[in-house]
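All chains, full assembly: derive it from the sequences and hints.
Protein chains: 2
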Amino acid sequence: MSAFGYELLASDGAARRGRLTTAHGPVETPAFMPVGTAATVKGMTAEMVAETGAQMVLANTYHLMLRPGAERVAKLGGLHKFMDWQGPILTDSGGFQVMSLAELRKITEEGVTFRSHIDGAKVTLTPERSVEIQHQLDATVTMVFDECTPWPVSETDAAASMRLSMRWAERSRAAFVERPGYALFGIVQGSAFRDLREESAKALTNVGFDGYAVGGLAVGEGQAMMFEMLEATVPHLPAGTPHYLMGVGKPADIVGAVARGIDLFDCVLPTRSGRTGQAFTRAGTLNMRNARHAEDGGPLDPECRCPACRGHSRAYLHHLFKADEMLGPILLTAHNLTYYQDLMRDIGDAIEAGTFAELVRAHAPVEAGAAS
Amino acid sequence: MSAFGYELLASDGAARRGRLTTAHGPVETPAFMPVGTAATVKGMTAEMVAETGAQMVLANTYHLMLRPGAERVAKLGGLHKFMDWQGPILTDSGGFQVMSLAELRKITEEGVTFRSHIDGAKVTLTPERSVEIQHQLDATVTMVFDECTPWPVSETDAAASMRLSMRWAERSRAAFVERPGYALFGIVQGSAFRDLREESAKALTNVGFDGYAVGGLAVGEGQAMMFEMLEATVPHLPAGTPHYLMGVGKPADIVGAVARGIDLFDCVLPTRSGRTGQAFTRAGTLNMRNARHAEDGGPLDPECRCPACRGHSRAYLHHLFKADEMLGPILLTAHNLTYYQDLMRDIGDAIEAGTFAELVRAHAPVEAGAAS
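Chains as they are written, first to last, in this note's numbering: chain A, 1 to 372; chain B, 1 to 372.
To be clear, the hints were calculated from the coordinates, so they are not data collected in a lab. Glycine included, every Cβ here is placed at the ideal spot set by N, Cα and C. Hints may contain errors.
To be verified - Computed spacing ranges between beta-carbons, pair by pair:
| # | chain 1 | residue 1 | chain 2 | residue 2 | range |
| --- | --- | --- | --- | --- | --- |
| 1 | A | ARG310 | B | GLY284 | 34 to 40 Å |
| 2 | A | ALA10 | B | GLU47 | 46 to 52 Å |
| 3 | B | ALA3 | A | GLY298 | 30 to 36 Å |
| 4 | B | VAL177 | A | ARG310 | 42 to 48 Å |
| 5 | B | GLY69 | A | ASP157 | 55 to 61 Å |
| 6 | B | GLU295 | A | GLY120 | 21 to 27 Å |
| 7 | A | ASN287 | B | ASP296 | 37 to 43 Å |
What follows is the structure in structure tokens.
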């Protein structure tokens, strides 16, 4: 089994084309991880996820610790076997979901106590417990437990929150059990304050992690501020490790983040949008519920290789959403994930060819329009 | 393009192993057609349906005429292209759904007028219009328009209803546009009255159809009565044509019907059950929501070749249903359809081997238990 590692294959400005080596196989970067919250990418079989080109998926510690429980997943042979995904799996630490989903949470130096959004049970999550759960799940990449700083926030509160997360990162590091090909990633916090981001990046680098994530962004601060924070952060991260921007994002966000040195992404956008009828295409985003698709015999995206575009018309996809048929969300999820994987491939190819700047220009205007 | 036809390959008592030839390819019989009501087998891509082994599917005229409309499907190139199913498609005539779903229906000699269950629009369906719609959909097999006789019913009312359906069958025959490899099937009615069933079978045979269906069963009369009606009907149908039992059924119903000379089946049971967590297995039916599966690392059915059994544990399927994840219905639909296709294959093999009586004995007790 190979050691966990990041190899830089090509670069174009700050944009990097590389490869992760893990206990569960390689990942070509920049890479997008589909979100498999409850040990399933919603509406997709594992085979369908693999067919989109995805090599690595994300699962959520918070959801899985509550249902079916990490001990149960461990007894059943770990998350890879449970969800039939043999490639690498990254688990988040649960910190973000505790803040966004759980009730009655109480944060202390020790950790977070909260009530489960499923059955109201009282649960405590600490850095040590979060890392233990991720070990039980058999996560290829474990994330340190952190506090997701609320937005907006004062600089004083952001600093206190970030420093708590840094102490939790050290405790996560101490609790992590090293295994060949497995990794622990630190998470940079500091909200929208450049000096706090720099302080956080340096604090984590001093502890030493296998990879570094940028957390607490895409929470409402806007794309310009997000890019500014990446510029304040990424140069302070070790170049020989992967850089992961958590929970991002729209295609233009991804392109801009790669331009600032990011290698890994995850986001619910392609899957969640797919379930509601929103399609990402090379000509912009489309709402398949819209009546203008009702008689359109053409494919959703003529350049796309996914099952929706290969076999069906826009009219059929429209019909499926109007009739509330499960196949609508299934096909559009497969399509959107394929779109994202093709985007990542195109980004990597452009970096290798030294033409990444052209790709950045091509994406910016379309997405600015789509986001409005 | 070959002519539509039925070839008898082997028989064992009244049970028949045969092959349909159609404009859209062959169908090995006895065959089970998955139900694709609104031009989609719920939760399945066309590829997944084909992987279960299904060669022919059913779609519903009533649903498709209301949404997206038969004219629209025709403009888009027909149902095969629309739903990306290149094999044969049988469409029902709409009669059954008008009775079970539509509101304010009024039956006259001319046809049925009703209000759409989708938008309340007033719609008229006649034998001529039903056949025209099925032509617009490009159905491989068109069904005559009939009245689905209510249950229970007096013999007088059943006779009047059946004779109306026979007059509609003649009008359907006259309206049908012959094309090579396409077929029109008549439907025997007569409720639970042997003499009416015989009268109906003979009336249809006198008109002449490419295949003969037995309708108006599985409406509450019970398995014993259903089998009795098949015994009163099938001997009066031409041996050189396929015999189709509409809307049936449980595995034991199918086995018993094949023993009485039936070749074709359709039923929502495997798909609908799959969506609610009910699994058909070689060891009986299982409810995957049941807590006893929560820690079971074994496959649903060790002999099954479907994606659910190949890649996952019972514990995972249980988790998906408990978490209301789409993948639960998807995987269990694929499993149940695979179970039904394997059952049909086993039945065909047993008929060829002359061991069908053993298969009948093996199925009867399990299903009697499962149905209780």
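(request) Would you list, in rising numerical order, the hints stated earlier that this structure does not obey? (result) Those not satisfied are hints 2 and 4.
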